[in-house]
Every structure is written in C-alpha cells, then in structure tokens.
Amino acid sequence: MLANYGYTDGSGDYFITIDTDKCNGCGECVSACPAGVLEVLDDDPNDPLREEPVAVVGTNKRNKLKYECNPCKPSIGRPPLPCIEACKAGAISHSW
Amino acid sequence: MPEGKKQEFWRWDESNWKDPDIDWKDAKYITVGIDVGSVSSQAVIMTDGQIYAYANMRTGFDSPNSARNVLNFALKATDMPEERMDYCVGTGYGRVNVPFADRSITEIACHARGANFIYGPEVRTVLDVGGQDIKAMQCDEKGKVTNFLMNDKCAAGTGRGMEVFADLLGIPITEVGERSFQIDEEPPAVSNTCVVYAKSEATGLLRKGWSTEQVLAAYCRAMAERIYSLVERMGVIPEFAITGGMAKNRGVIDRLMAKIGLDPMKTKWDTQIAGAVGAALFGYALCLKGKGRKK
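Sequence lines, in order, name chains A and B.
Taking this note's numbering, the leading residue of the first sequence gets 1, the next gets one more, and so forth.
Taking this note's numbering, the leading residue of the second sequence gets 1001, the next gets one more, and so forth.
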C-alpha cells in the first residue's frame, strides 16, 4: 500500500509516501530523522489484518510537514535526505 | 426577537433502519461498527457479515456520548440486547472515544472495506467526502487499500462547508443539489481554498445581485474543483465510488464527475454508513480469527 501522509495547501503539495509493501518496520528511519517525523507501529493502522510492524508519519506531524522537513531541504545544494538514505528497502519518498 | 424557532437549513434527518428479513437469533457472530465522524455518527449492526440494522445521527459536542447514543438508536430499531454483540470496532475521527469498542481502526481502512461491500467488489477508487476532511483511496477487489491520500488540514470542500452555505443562502441542505442546477448559465467558481473566504465572496456576489441559485452553483463548482485536485493527485482507476454525505449532493458530484469523465457507481444503501459497515466487517473478520468476546 502507498500511504501518503501530508497535505496540499496554497503553497504546494507536502506528502511523504511510505510503500508499506517494501517497509519491513526496521526503524532505521526513525533514528535518522532529526525532526522525529517518523515512527514505527506494531501493526499497520490502515491495514488492520496485516499485523506486522510498519513505519508511519506521526499523527502530530502529518499536518506540519512543510515546516518539520524544511531543515533537511535547503533551497540550494540539497543533500540526500537522511530518511531516504536510511531506508534500505527504498520505501520512503517525498513529493516536494 | 422574532417569534418562533429559526429554521436550521443545514439540518438533515437522522434515521435508523432494520432489515425485516434477518433474525439476529440465527446469527453466529454479531459485530458492530461505530463511525464517530466530526459531523455525523453511524452505527451498523451486522449478522455474519450482512447488514442487519443501522443508525445515522449528528455527532454533537461529546464523542463518548455520541457513540453511545448512535448505538442505542440502532438498537432501538431492533429487539436485540446489546450484550449479544460479539465484537465492536470504532472508527472515524472520534474512534478513540468509543468506550465500549474492542478495537479502533482508521477510517481509511474502514471506508475502503465498506465501499467494497455496499458498491460491490468492482470498486477500485473510493472518495469519501466527510464532514471535515476528504479521503481518496484505491483498493483491490477485497477492499484492501493499495494507495490513499487524505486532506484533513483544512475543511474547505467538505460537508461542513456545504452546511455553512446552506445556512447562508437559506436553502435546505437536502435541496442544495437540485437548486444549484436551476440556473441559465454556469457561473465561475468562488474561492476554493477556504470556506471563510468563499463565504465572504458569496456575500459580495449576493449584494451584486446574483441569485441564490447562482451563488450556490458557484460554490458547488468550487468544491468540485477542490475535491478534484485531491483525486487527480492520487489518480482514478474505474470503477469510482463516493461515500459520505456529499455523495447525496448532485450539485457537487455531477460537476466533479464531469471533470473526471466517469459515472459514479450507484448503491441502494445510505452512503454515509460506509465507514461503519467497514468497521463491522473488520469485526467479523476478527471474530472468524477467534478474537471475538469470550462469553
């Protein structure tokens, strides 16, 4: 499942997409994110019968991604994002 | 003060219903889904995965009480004692506030599962326009979500916005759809980024001499555009189904579907109960896995 967390506002789209078929719930992204945006839950809240750990964007961060992720996204010379680098499974992507 | 009670144009009828052909005494598992939304709450009682009874009412300001009230309202249509229920799943915005639920499941999962039941397994894209948020989901033939997108940061383009406009224009909410087509020419849309801005824009248009139907059409168009931008981002795979109260509003849905270029699926069920149906079905699946209440 492609889980799109985030929102669209007047300034653009701010979504983090987690491919739950690729995510193995290892939790590397949780420690890699300096803003604490990601967390790992014991079972997927959007797929209740799966019962395997999976990474999600925290409920208190979902509507603030533009600001929470901003420090990792300078306007010039953008380095690789720590969350995307940390994810060996390649499950995380950003829309902006 | 003027005499009499002011008419509340946003108010819609609360209802409950029971299937007369089903006897709860024959059922192995009775599961209940409670969907406490931001504007409306639904309770669905299912006997072995079939809809037995449901109720639909306004949420009000007290989530735990809303859950209790809506369940009582559904039970009132039946002669079943509450103790008979084997599993209860809470969903929706107020799902953590259903004190008697065995488990809470997100509305994303429940709406897709519910749409799969009330519209049939052909449904691949589900749009839920709720009271204060919009959700778009893609699902497989079993109702399992494969892709989802939710916009709950802002309530523009949702059911509550339509209630605000019904009140502003003095048009009963159930007539909004029809009345928005009683126009000679389709007007341009008002602001689609905010209900508050749209409302002040609409007030200005009324002062300019627009008819209430024209303003309503302009707002319905704005809502359709707002919803379309979300749906377009995720992509549409036919068949397309709409759940939630907005599915009953032709004014928005016809304009939206014209933009998408598809016909929405039809159902005999109340579109507002989809989330609660999904919750009850998950309860049934969990009972089959042996996780029901021990009695």
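These are computed hints drawn from the structure, not numbers from a lab.
All values derive from a computational prediction rather than experimental measurement.
Virtual Cβ for every residue (Gly too), placed ideally from N, Cα, C.
Be aware that a few hints might be false.
Said to hold, decoys possible - Listed below are several chain A residues computed to face chain B (Cβ distance under 8 Å; list not exhaustive): (1) 1; (2) 3; (3) 8; (4) 13; (5) 40; (6) 42; (7) 59; (8) 63; (9) 67; (10) 74; (11) 75; (12) 77.
As the list claims (entries may be wrong) - Derived pair list, reagent style EDC-like, types lysine to aspartate or glutamate, alpha-carbon separation capped at 16 Å: (13) B:1144 <-> A:9; (14) A:66 <-> B:1023; (15) B:1144 <-> A:21; (16) B:1153 <-> A:9; (17) A:22 <-> A:43; (18) B:1289 <-> A:51; (19) B:1289 <-> B:1008; (20) B:1144 <-> A:19; (21) B:1291 <-> A:51.
Going through the hints against the structure:
| no. | hint | verdict |
| --- | --- | --- |
| 1 | 1 | holds, 5 Å |
| 2 | 3 | holds, 6 Å |
| 3 | 8 | holds, 6 Å |
| 4 | 13 | holds, 7 Å |
| 5 | 40 | violated, 16 Å |
| 6 | 42 | violated, 13 Å |
| 7 | 59 | violated, 10 Å |
| 8 | 63 | holds, 4 Å |
| 9 | 67 | violated, 12 Å |
| 10 | 74 | violated, 24 Å |
| 11 | 75 | violated, 23 Å |
| 12 | 77 | violated, 28 Å |
| 13 | B:1144 <-> A:9 | violated, 28 Å |
| 14 | A:66 <-> B:1023 | violated, 53 Å |
| 15 | B:1144 <-> A:21 | holds, 13 Å |
| 16 | B:1153 <-> A:9 | holds, 8 Å |
| 17 | A:22 <-> A:43 | holds, 14 Å |
| 18 | B:1289 <-> A:51 | holds, 13 Å |
| 19 | B:1289 <-> B:1008 | violated, 46 Å |
| 20 | B:1144 <-> A:19 | holds, 14 Å |
| 21 | B:1291 <-> A:51 | holds, 14 Å |
Hints 5, 6, 7, 9, 10, 11, 12, 13, 14 and 19 from the list above are not met by this structure, while the remaining hints are.
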